[in-house]
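Chemist: Construct the entire structure; sequences and hints are all you get.
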Amino acid sequence: MTSTKEFSRERNHLQRGPRVMLYSHDTFGLGHLRRSRALAGAITAADPTASALILTGSPVAGRFAFPNRVDHMRLPGVIKRADGSYASRTMGMSIEETTELRSGLIRSMAEQYDPDVLIVDKEPTGFRGELMPTLKLLAEQQRTKLVLGLRDVLDEPEVLAAEWARKEAVETTENYYDEIWVYGLSSIYDPTQGLGLSAATRARMHWTGYLRRDLGAWDDPPAQPYVLITPGGGGDGAMMVDLVLSAYEQDPALSPRAVLVYGPFLSGETREAFETRVAALAGRVTSVGFESRIETLFSGAQGVVCMGGYNTFCEVLSFDKPAVIVPRTTPRLEQWIRASRAEELGLVSMLDEQRDGWTPKAMNKAIRALAEQSPPSAAFSDGFLDGLDCVTRRVASLLRDLPRKAAE
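For the sequence shown, the tail end lands on 501 under our numbering, and the numbers increase by one without skipping.
To be clear, the hints were calculated from the coordinates, so they are not data collected in a lab.
With a straight-line cut-off of 20 Å between C-alpha atoms, the simulated DMTMM-like cross-links for lysine to aspartate or glutamate are:
no. : residue 1 : residue 2
1   : K229      : E261
2   : K260      : E190
3   : K458      : E342
4   : K173      : E189
5   : K215      : E267
6   : K215      : E256
7   : K173      : E193
8   : K458      : D344
9   : K458      : E446
10  : K215      : E264
11  : K173      : E190
12  : K173      : D329
13  : K173      : E256
14  : K173      : D248
Keep in mind the model is a prediction, meaning the values are calculated, not measured.
Modeler: Next up, the structure:
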């Protein structure tokens, strides 16, 4: 028998504006948070009655501006140690206690916010399985559509298959998620290859295209010409920054000048040492620590030198900038797979450690070549950057199903 409280909640669920909750585990970097923020902004812009709530573990979430009708809740942070294990970032709790706390907060927020759609980024079961109580609750209530969102590349098929088997992620995907969105194109790469998903589950997959980044109003960019240097969040960007600075140090004629954005996670003594080197270059390289509106710097750049994360790749495509990608190869091959495929298609060039060598000379050559390199649009295909439009259409379609389902 339905309680008065449940009846009231179901009626409210049908009468109020749509609510979308986005889960982003964020143990490292900025990628998951920035992707969730872009999705939330597009969904609420497409429907002025909709709101969105992002649950994130990112320690720098509060440094971002969020669109109207989009808010976020910070989950207790965790860090990944060098040996691959995890620890609580600041709370002095064991990782088991921290995970249990996060799991309870997620479930509580789902109960209170009562979302119409839950979009889960990358991890079907959440960090260390923390999402499972929430998935079970929402599946039982049948008032929320569950979506798993995957970036274009996850990892090598064999490595990913072993990881998903260990986390029981395939079973969770098969049993709980109404749809799977891949933020890319099947003609570029299939991130689920090797997972053995059933035909029924694959039939629920939607290839959205890449997620176009904000091309609206931005501030005046710095004096031109310049090359933008961005290692994304910066946590693993020291090698690339060192290469760029070494190239400028060893060749006084290297131009144009470089504008370097360290990212919030490149800090401490490493950052201080870089700043000393930047100062010695007397304006040929300038730097900032963190730029929440990096779109302004993209808009004025002659070209870009970057690592190969998904969000930076989308920015390169969106602003149509010639780019050199320096992909990391540990702990995942994700960036290398994306960069090598993009180079093969003529979208970008890549500075590959094995093929080209990670040397100042190789970086010098790559920076000089940007002036003559074709922009990504020269190799675009139809639908390449339609991801956000596709997502808003999918959300609208899922919402249309909800009243009928709740009324049964």
